[in-house]
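Chemist: For reference, the chains in residue letters:
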Amino acid sequence: SRSSPTAGARSLSLRQEIMKWNGWGYSDSRFLFNKKGQAEFTGKRYRLSGLILPSLKDWFEGTFGANLQHRSPATPSLNLSAVAPPNLNQPFVEDLKAAGLAVSHDPEDRVFRAHGHCLHEVFALREGRIGRVPDMVVWPSCHSDVEKIVELACKHNVCLIPYGGGTSVSSALECPREETRSIVSLDTSQMSRILWIDEKNLTAHVEAGIIGQDLERQLNERGYCTGHEPDSMEFSSLGGWVATRASGMKKNIYGNIEDLVVHIKMVTPRGVIEKSCLGPRMSTGPDIHHFILGSEGTLGVVTEVTLKIRPIPEYQKYGSVVFPNFQQGVACLREVARQRCAPASIRLMDNEQFQFGEFCFSLILLNFFLLKNFCFKGFDPQHLCVATLLFEGDRGKVLQHEKQVYDIAAKFGGLAAGEDNGQRGYMLTFVIAYLRDLGMDYYVIGESFETSVPWDRVLDLCRNVKERIVRECKERGVQCPPLSTSRVTQTYDAGACVYFYFAFNYRGLSDPVHVYEQVEHAAREEILANGGSLSHHHGVGKLRKEWMKESVSGVGLGMLKSVKEYVDPQNIFGNRNLL
Amino acid sequence: MFSVFIQPRHPVLKKRDDFEDVLEERRRSSDLRYALRCYTPTLYKGLVPCKASMLKSIVLQSDHLQYVIKQVSSESGDSAECVAEEASLILDEMAHRLQLSTIRFFAFTLSKAFKRLFRSVCVNEEGIQRLQQAVQEHPVVLLPSHRSYMDFLMMSYLLYMCDLPLPVIAAGMDFMSMKFVGEMLRMSGAFFIRRSFGGDKLYWAVFSEYVKTMLRNGYAPVEFFLEGTRSRTCKSLTPKMGLLNIVMEPFFKGELFDVNLVPVSISYERILEESLYARELLGVPKPKESTSGLLKARRVLSEDYGSMHVYFGHPVSLRSLAEGKINRSQYNLLPRYIPQKPRVDTHEFLNDAAFRLVRIQEENMVLKPWVLIATLLLQNPDGLELSFLTEQTDWLRHLALAFGAFLDWPNHEACSEVVSCSLALHRHLLSVSAGHVQLNVTDAPQDETTPEEAVFHRAVVVLSCASYRNQILHVFLRPALLAVAMQSANSNRKDDVYNCFNFLRNMFSNEFILCPGDSVQDFEEACYLLMKRGVLQVLEHEIVMSASGHSTLAFLCSVLDPFLQGYQVVCRCLCEETNENLTEKEFIPAVRSFALKLILAGRLKCCEALSSDLQKNALAALLRLKAVRKVKVGDQVTLKVNKIAVNSLEDTLGKSNVNQNSWCSSMAMLK
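Chains A and B supply the protein sequences, listed in that same order.
Quick note, the first sequence lines up with residues 1 to 579 if you use the UniProt record's numbering.
Quick note, the second sequence lines up with residues 1 to 671 if you use the UniProt record's numbering.
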């Protein structure tokens with residue numbers, strides 16, 4: 001039921017074919033426990049691929065009280081009959097086809113675009129439960145295609161939901177239940193070209209559907225990079241970054257998405273919004289980019305973006321530091337931020353995460369190092385924590401920079417623990433999302449969430465949220481204590497970004513997802529009560545909407561609503577995120 | 001309002017723990033060995049208490065104190081070093097210097113003393129176990145009731161005995177003037193705070209930071225008295241908010257995940273300070289705390305004070321208490337070291353929490369049979385036949401139990417036996433002759449005593465006795481308010497009765513522990529209890545007395561009678577006061593002499609009107625109800641009386657006081 005336009009147009013290139021329909025990432029890459037009970041990571045795509053991880057089982061069983069005998073496998077394939085027939089707006093479909101646009105109402109295409117990666121979304125898919133899905137998918141191939149689609153959508157009053165990489169973790173892609181119109185998923189994946197590179201001004205003009213890793217690879221081929229590396233960069237799209245105010249691992253050098261964009265073009269029901277020049281900064285009233293950044297698909301479709309680019313750094317070096325405890329680690333990060341000498345990336349894992357890395361990935365070096373040097377220096381394996389570092393730039397400066405950071409670390413009792421450990425830490429970033437699928441095969445569910453918080457509250461917030469999670473789980477009948485850990489992933493002048501990972505064994509619970517959601521809700525309340533923000537970069541979506549008013553004040557919310565009212569009075573972009 | 005029967009509290013169903021006598025063991029084994037035994041307390045997160053010097057430097061270096069030092073310095077023009085020095089001196093004056101050796105000394109001497117004073121010291125074992133658990137989970141705040149100097153010595157003694165961490169205790173500065181003893185107390189964990197430091201920012205900052213530091217770091221449980229001072233009447237006092245706010249703030253500001261608040265009820269069969277208190281209430285000034293005074297108290301050691309009960313209540317999680325009531329994000333927009341006045345909602349919460357905690361203290365307070373007897377004797381100033389007294393005591397016992405009183409009634413003992421034991425223990429307050437029991441009020445006055453002295457002599461006995469009756473007031477309070485309300489409403493309509501109830505509750509909310517805003521709940525509770533007892537029938541719109549209910553209602557009315565009379569006397573006194581510029585200081589002497597005149601003239605029988613506590617509470621109520629205003633003139637605070645308002649309050653009280661209608665009319669004639 002996919003229909004591509006005939007002559008002259010490109011055929012669709014869809015990543016969907018090589019991706020899981022009910023889990024994270026590529027179909028060929030997954031964790032599993034082999035017959036010997038050893039964990040392995042399949043496929044060939046990652047450095048960890050093909051690796052056997054003998055101690056993951058022990059960690060897994062020990063931490064969650066899980067058992068490899070107790071399996072909770074996913075439904076193997078999508079049951080097409082579970083997908084409701086599409087509610088098509090026929091005149092709209094005809095007009096789209098007449099305009100030569102690629103469309104589909106194939107159930108697999110529709111289900112694939114009906115979700116992000118929130119726990120409840122993936123859990124439902126694994127159980128074969130399919131809720132409301134888009135009625136059709138349309139693939140524009142350029143800015144003017146989008147203009148056409150939006151114009152027709154207004155004309156026929158259908159609901160459009162822009163779709164980029166599908167990595168949302170805020171229920172942003174969920175179809176609103178109350179929507180009665182035909183819902184059309186507008187997939188930007190075919191708009192993925194770098195339109196031009198301006199080496200004089202170090203900018204690139206790129207179509208918004210491009211996926212992070214493709215953008216970076218293509219720029220690298222020309223000797224450049226954007227340096228924007230969110231953990232989801234393998235799958236997330238430029239347009240998605242803009243729409244959620246994304247943040248990249250190396251923001252200390254390159255900045256977050258709002259620092260990287262020079263120009264944005266967005267198609268709205270009112271027409272196209274864009275600035276008239278590429279000036280690096282303007283004083284022309286409130287920055288209209290900031291209505292677009294973080295608009296979460298409620299105002300229109302970002303079609304083209306002009307981004308800053310940088311020459312590929314000459315030299316990269318990883319590093320790691322072990323601290324006797326989390327407090328010392330945070331104090332060190334705070335000092336690094338005070339001196340404004342943060343490396344491209346600096347992250348601090350707490351003890352639980354350190355133990356996880358230790359166990360699962362057998363950081364043998366670190367082990368050795370610990371035994372040799374640390375034990376008699378008062379490092380307690382039950383308290384120590386580790387920071388991973390990434391330096392970038394010219395060689396001389398990197399080495400100088402590295403020394404500066406290690407000197408600061410030493411003042412807080414931090415000891416350098418080698419490059420390899422640092423590199424492994426960053427490698428883990430990309431595979432960690434695959435681990436959740438493994439957990440779900442054995443009655444373990446989990447999720448991560450994030451916040452940003454002033455420096456002086458980091459420790460209190462981490463402690464209180466972690467404890468709240470443990471307590472809420474207990475109160476809701478979770479049998480084993482949950483995994484409740486935090487890490488500091490970004491430093492700013494005035495605060496930090498904090499991530500929480502939280503997972504538990506749900507055997508014996510009748511409605512695990514509901515329990516999970518209640519705990520996450522409580523954790524978010526705790527974050528807000530402790531001076532944390534509603535979100536640092538995941539966005540609000542529908543998951544965190546209830547706290548928007550509290551977060552930005554009634555007037556603030558009113559301002560946003562009035563913009564929506566003006567730009568999209570018919571609520572064509574009706575995903576109902578944010579507001 | 002009444003269509004929904006608000007979930008009644010069921011005090012009767014409250015399960016309480018059993019007691020164990022901790023002195024029993026002490027009577028069997030060596031006190032010295034006990035004092036020197038290995039003490040290994042359970043600790044919060046395994047933290048070892050930090051040294052006093054370390055604590056001091058943490059406090060002085062804290063952002064909060066540094067901020068206030070700078071602020072005070074810029075306001076006063078003194079150098080920051082100078083202000084910091086002052087802060088350091090304040091801290092020296094305040095800080096505890098807890099030493100295990102001093103504790104051991106106390107463990108030894110107190111063992112000796114307690115064994116002489118008390119027949120038994122009973123503690124609820126389960127409460128101790130709960131506390132042991134609580135101490136490991138979150139920082140703990142101990143909130144004992146305060147009836148005697150003995151209270152905090154006993155607390156530390158018990159905690160030492162049970163291998164619990166020793167608390168640091170907020171004590172009033174007046175102790176410190178006792179040369180040697182002050183220092184001893186300091187070394188056993190007391191820290192000293194000035195009684196009043198109104199606007200002294202620096203003092204407040206040092207004090208609050210000191211307490212918070214101890215709490216935040218979990219070094220030791222913090223102990224203080226919600227009531228602020230010893231209750232001279234054995235009625236719980238209206239709680240003070242200052243310290244409670246300080247210990248709650250670290251939670252509000254996210255510095256602590258939770259705080260365990262542990263109410264502790266300490267009750268005495270006979271209070272050491274019994275007659276001292278009565279004298280104090282009658283205006284014989286309290287002797288300044290002095291070492292020699294304490295030595296004189298040695299006489300005290302030779303007397304029998306019966307038994308003592310300490311009940312450790314369930315730890316109350318501050319987090320659960322504040323759930324849905326405090327929006328902690330209100331603290332997000334200001335650096336946390338900058339002191340903030342509590343907002344209105346925080347203040348309401350504090351108030352509410354404080355009242356609830358005091359209520360828990362009240363409910364867990366053990367009552368001895370004597371309390372029932374004292375109640376009856378006060379209601380019958382001319383005395384009773386012993387057999388009738390016994391019968392009445394038994395009746396009252398059942399009523400009290402039905403209302404949820406925590407009565408320590410000896411098992412398998414005849415009521416007469418119990419009564420005579422109690423009478424023996426309190427013989428100095430009574431005279432028993434030929435089977436007739438009477439309060440010791442009509443002692444043949446010696447020749448040289450003036451009539452005034454005779455009245456005061458009588459009043460000492462009455463107020464001493466009242467301090468026992470007061471212990472059980474919280475049990476009867478709500479039904480008694482209802483009983484009086486029914487009498488004065490002159491109507492069976494529920495709404496009318498409720499209005500009267502509400503008026504009385506409002507009038508007496510400085511006198512008794514009545515949680516603000518709980519009016520409807522209290523009313524429902526009173527109805528429920530009396531209905532269950534078969535005294536009332538509560539219909540949809542009416543409240544009807546049952547045929548058999550009269551005696552109970554009459555009893556309940558007389559429970560409140562002294563207070564109704566006392567408040568009327570205060571009102572009348574203010575109305576008849578001719579001095580337009582009556583100062584606050586002159587108020588108590590004025591009321592006292594007014595009441596004395598009435599008593600001498602035979603127009604007032606109730607000696608309790610002489611109690612300065614009652615007089616102060618009445619004034620506080622009148623101020624709250626805006627019938628009296630305070631006006632500051634120069635250094636003096638004068639009381640401006642709205643005579644019309646006070647008069648009308650008095651009238652309304654008079655209507656409630658049917659028993660005394662004759663008295664009222666005689667007053668009218670007097671005019």
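No lab work stands behind these hints, which were simulated from the structure alone.
There may be inaccurate statements among the hints.
[Unchecked claim] Simulated pairs of lysine-lysine, DSS-like, Cα-Cα distance not exceeding 27 Å:
1) B/K325 to A/K474
2) B/K15 to A/K474
3) A/K549 to B/K341
4) B/K341 to B/K15
5) A/K545 to B/K325
6) A/K411 to B/K325
7) A/K549 to B/K325
8) B/K51 to A/K411
9) A/K474 to B/K45
[Said to hold, decoys possible] FRET-style restraints, in silico, Cβ to Cβ:
10) B/M54 to A/H383: 14 to 24 Å
11) A/L202 to B/D63: 23 to 33 Å
12) A/N34 to B/D163: 33 to 43 Å
13) B/D31 to A/D380: 34 to 44 Å
14) A/M282 to B/Q340: 54 to 64 Å
15) A/R222 to B/Y67: 48 to 58 Å
16) B/K341 to A/N201: 53 to 63 Å
17) A/P176 to B/N506: 21 to 31 Å
18) B/N492 to A/H521: 21 to 31 Å
19) B/V520 to A/I432: 52 to 62 Å
20) A/I52 to B/D18: 24 to 34 Å
21) A/C341 to B/K341: 36 to 46 Å
[What the hints assert, rightly or not] Beyond 10 Å from chain B on every Cβ pair, some chain A residues (computed):
22) L51
23) Q316
24) R468
25) A529
Backbone N, C-alpha and C fix where the C-beta goes; we use that ideal spot for every residue, glycine too.
Chemist: For every hint, state whether the structure bears it out.
Modeler: Each hint tested on the structure:
1. B/K325 to A/K474: OK: B/K325 and A/K474 at ~23 Å, within 27 Å.
2. B/K15 to A/K474: Between B/K15 and A/K474 the Cα gap is close to 26 Å, so the pair holds against 27 Å.
3. A/K549 to B/K341: At roughly 26 Å apart (the allowed maximum being 27 Å), B/K341 and A/K549 satisfy the hint.
4. B/K341 to B/K15: violated, 39 Å
5. A/K545 to B/K325: holds, 22 Å
6. A/K411 to B/K325: Violated: A/K411 and B/K325 sit about 43 Å apart, past 27 Å.
7. A/K549 to B/K325: holds, 19 Å
8. B/K51 to A/K411: holds, 25 Å
9. A/K474 to B/K45: At roughly 20 Å apart (the allowed maximum being 27 Å), B/K45 and A/K474 satisfy the hint.
10. B/M54 to A/H383: 14 to 24 Å: holds, 21 Å
11. A/L202 to B/D63: 23 to 33 Å: Distance hint for A/L202, B/D63 is violated at roughly 43 Å.
12. A/N34 to B/D163: 33 to 43 Å: violated, 52 Å
13. B/D31 to A/D380: 34 to 44 Å: holds, 41 Å
14. A/M282 to B/Q340: 54 to 64 Å: This hint is violated: roughly 40 Å between Cβ atoms.
15. A/R222 to B/Y67: 48 to 58 Å: With a Cβ separation near 54 Å, A/R222 and B/Y67 satisfy 48 to 58 Å, so the hint holds.
16. B/K341 to A/N201: 53 to 63 Å: With Cβ atoms ~54 Å apart, the hint holds.
17. A/P176 to B/N506: 21 to 31 Å: violated, 52 Å
18. B/N492 to A/H521: 21 to 31 Å: violated, 50 Å
19. B/V520 to A/I432: 52 to 62 Å: holds, 55 Å
20. A/I52 to B/D18: 24 to 34 Å: violated, 60 Å
21. A/C341 to B/K341: 36 to 46 Å: holds, 40 Å
22. L51: Since the minimum Cβ distance to chain B is about 38 Å, A/L51 lies beyond 10 Å and the statement holds.
23. Q316: Per Cβ check, A/Q316 is outside 10 Å of chain B; nearest 38 Å; holds.
24. R468: Contrary to the label, A/R468 does not stay out of reach of chain B, its closest Cβ about 8 Å off (not over 10 Å).
25. A529: With a cut-off of 10 Å, A/A529 comes too close to chain B, as the shortest Cβ separation is near 4 Å.
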